[in-house]
Amino acid sequence: MEKVKRFASASLLLLVAAVAGAQDKKVETTVALDMVSHYVWRGQDLGSVSLQPTLGIAYKGLSLTAWGSVGIADASDTKEFDITVAYTVGNFNVGVTDYWFNSGLDPENRYFKYSAHETNHVFEANVGYDFGIVSLQWFTNFAGNDGVNGSGKRAYSSYFEANAPFRLAGVEWAATAGVVPYATDFYGTKGFAVTNLALKATKSIRVTDSFAIPIFAQVMANPCARKAYLAFGFTLQP
1 MEKVKRFASA
11 SLLLLVAAVA
21 GAQDKKVETT
31 VALDMVSHYV
41 WRGQDLGSVS
51 LQPTLGIAYK
61 GLSLTAWGSV
71 GIADASDTKE
81 FDITVAYTVG
91 NFNVGVTDYW
101 FNSGLDPENR
111 YFKYSAHETN
121 HVFEANVGYD
131 FGIVSLQWFT
141 NFAGNDGVNG
151 SGKRAYSSYF
161 EANAPFRLAG
171 VEWAATAGVV
181 PYATDFYGTK
191 GFAVTNLALK
201 ATKSIRVTDS
211 FAIPIFAQVM
221 ANPCARKAYL
231 AFGFTLQP
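Going by the numbering used here, the sequence shown opens with residue 1, and the numbers climb by one from there.
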């Protein structure tokens with residue numbers, strides 16, 4: 001775990017140094033807020049109405065993004081704070097994410113608690129490629145509060161997703177299919193399983209000449225858990 005912390009700190013320092021030495025016009029900043037009626041992540045139900053802020057900075061393919069979620073309808077809904085360091089070159093991307101949830105191995109739910117077998121953090125690496133008509137992403141947990149397999153050993157829980165965007169009737173659509181390749185209680189699977197099938201439609205409502213609000217609706221299903229969801233939301237971004 002100490003190596004993970006050192007890696008995250010080094011990545012952050014590299015990004016800050018790159019941004020500090022860059023011309024301002026080359027630095028991209030993201031400030032946004034999503035509001036969703038139902039928070040479903042990779043086929044897992046994580047709560048009802050939620051606010052999900054994003055703060056990110058990027059320079060020449062290197063990015064640092066903070067993302068969170070907090071339920072506002074039910075106190076028991078998931079609270080989450082994620083930090084992602086990523087690099088994109090052409091259509092290829094790699095990244096590392098530090099997830100923190102308000103439940104896990106630490107009964108006090110402390111953020112700054114990284115000790116092995118005592119943390120609520122999950123560390124995940126991903127690699128992907130965008131082919132245009134479809135993008136593919138592979139994610140694997142490599143440290144923190146990962147799940148276990150059928151033998152009770154660390155599962156190195158993984159998830160593979162294909163996402164196909166398209167435009168129809170003036171609306172932006174995206175079809176998603178996600179699978180868990182092997183057993184892990186992190187995703188609630190006992191072997192290979194389809195855990196996420198989704199169809200999302202997004203359309204922007206123009207408020208002024210320079211400001212629009214994207215609204216979206218999404219149908220999601222987890223065939224493995226035999227559950228289905230319908231969610232609605234919108235994004236505020238200056």
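Possibly wrong hints are sitting among the right ones.
Keeping only pairs whose Cα atoms sit at most 27 Å apart, straight-line, the calculated DSS-like set for lysine-lysine is [unchecked claim]:
id, residue 1, residue 2
1, Lys190, Lys227
2, Lys153, Lys113
3, Lys79, Lys227
4, Lys200, Lys227
5, Lys79, Lys113
6, Lys79, Lys200
7, Lys153, Lys190
8, Lys79, Lys26
The hints are simulated quantities; they were obtained by calculation from the structure and are not laboratory data.
We went through each hint and held it up to the structure:
{"no.": "1", "hint": "Lys190 <-> Lys227", "in the structure": "holds (17 Å)"}
{"no.": "2", "hint": "Lys153 <-> Lys113", "in the structure": "holds (22 Å)"}
{"no.": "3", "hint": "Lys79 <-> Lys227", "in the structure": "holds (22 Å)"}
{"no.": "4", "hint": "Lys200 <-> Lys227", "in the structure": "holds (17 Å)"}
{"no.": "5", "hint": "Lys79 <-> Lys113", "in the structure": "holds (16 Å)"}
{"no.": "6", "hint": "Lys79 <-> Lys200", "in the structure": "holds (24 Å)"}
{"no.": "7", "hint": "Lys153 <-> Lys190", "in the structure": "holds (13 Å)"}
{"no.": "8", "hint": "Lys79 <-> Lys26", "in the structure": "violated (33 Å)"}
In summary, the structure is inconsistent with hint 8 from the numbered list given earlier, while agreeing with all the others.
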